[in-house]
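Starting from the given sequences, assemble the full structure and let the hints guide the process.
Start counting the first sequence at 1; every next residue gets the next number (the numbering used here).
You may find that some hints are simply not true.
[To be verified] In silico DSSO-like cross-links for lysine-lysine, where the CA-CA straight-line distance does not exceed 30 Å: (1) K189 to K5; (2) K18 to K5; (3) K18 to K113; (4) K18 to K58; (5) K32 to K5; (6) K2 to K110; (7) K68 to K32; (8) K18 to K68; (9) K2 to K189; (10) K196 to K2; (11) K32 to K113; (12) K32 to K110; (13) K113 to K2; (14) K58 to K32; (15) K5 to K58; (16) K58 to K189.
What the hints contain is simulated information worked out from the structure, not anything from laboratory work. Just so you know, these numbers come straight off a predicted model, no measurement behind them.
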Amino acid sequence: MKLTKDFYLDQDVTNIAKHLLGKVLVTRLDDKLTSGIIVETEAYCGRTDRASHAFPNKVTGRTQTMFKEGGLAYIYFVYGMHHLFNVVTNLVGQPDAVLIRSVEPTQGVKWMKKRRRMDRVDRFLTGGPARLTQALGISVNFNGISLLGDQIWIEEGYQPSSNLIMVSTRVGVDYAGTDAQLPWRYFLKENPFVSKGL
DNA sequence: GAGTAGATCGGCT
DNA sequence: GCCGATCTACTCG
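In structure tokens:
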């Protein structure tokens, strides 16, 4: 069951970041189906949050995707080599997004191993924002495409009980001043595919 | 296990 | 010109 448009239109991006835990991210490329359960996310609010590329509601070539209606993929390139995948949320003109930081592999493990050039199934396969995009074959080519289509989408999974949902500050956003202290990272307790503890 | 350097390039000032 | 929503390989111990 693919998530529908209305899921992505919630105006509180932290709600969506929380609710994405336990859902399943799926890609289909060249008939290779790969998927994983979302176990770690971070919320970014472009209007108020200095950690967001779109702060403060700044439209540029890179950020324009985030200003569109919720339900699209926002993918950007960093450190000269990594592609990071985000879910665009909220209404048109509100540049909010959720970074997907880790998934737990489910389908297509064979393809994921091949894309990652490794032969184990542990957090090094799909834990970490750049690792999961590589494992699922996501690149900037997918920037701006719909999450309701047939190349990349998110499905219903399970609803984690609230005592398993952990909250912390976000990773790698020290440049954001006091906004670096916001508790906008969510992850599943003791899940071995989460990128780092806390 | 912890700590650190190096890779590598698009976006923005 | 600087630096990044990161990862890997390598060191030391």
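Hint-by-hint comparison with the structure:
no.	hint	result
1	K189 to K5	holds (28 Å)
2	K18 to K5	holds (17 Å)
3	K18 to K113	holds (28 Å)
4	K18 to K58	holds (25 Å)
5	K32 to K5	holds (25 Å)
6	K2 to K110	holds (23 Å)
7	K68 to K32	holds (29 Å)
8	K18 to K68	holds (21 Å)
9	K2 to K189	holds (25 Å)
10	K196 to K2	holds (29 Å)
11	K32 to K113	holds (13 Å)
12	K32 to K110	holds (10 Å)
13	K113 to K2	holds (25 Å)
14	K58 to K32	violated (37 Å)
15	K5 to K58	holds (25 Å)
16	K58 to K189	violated (35 Å)
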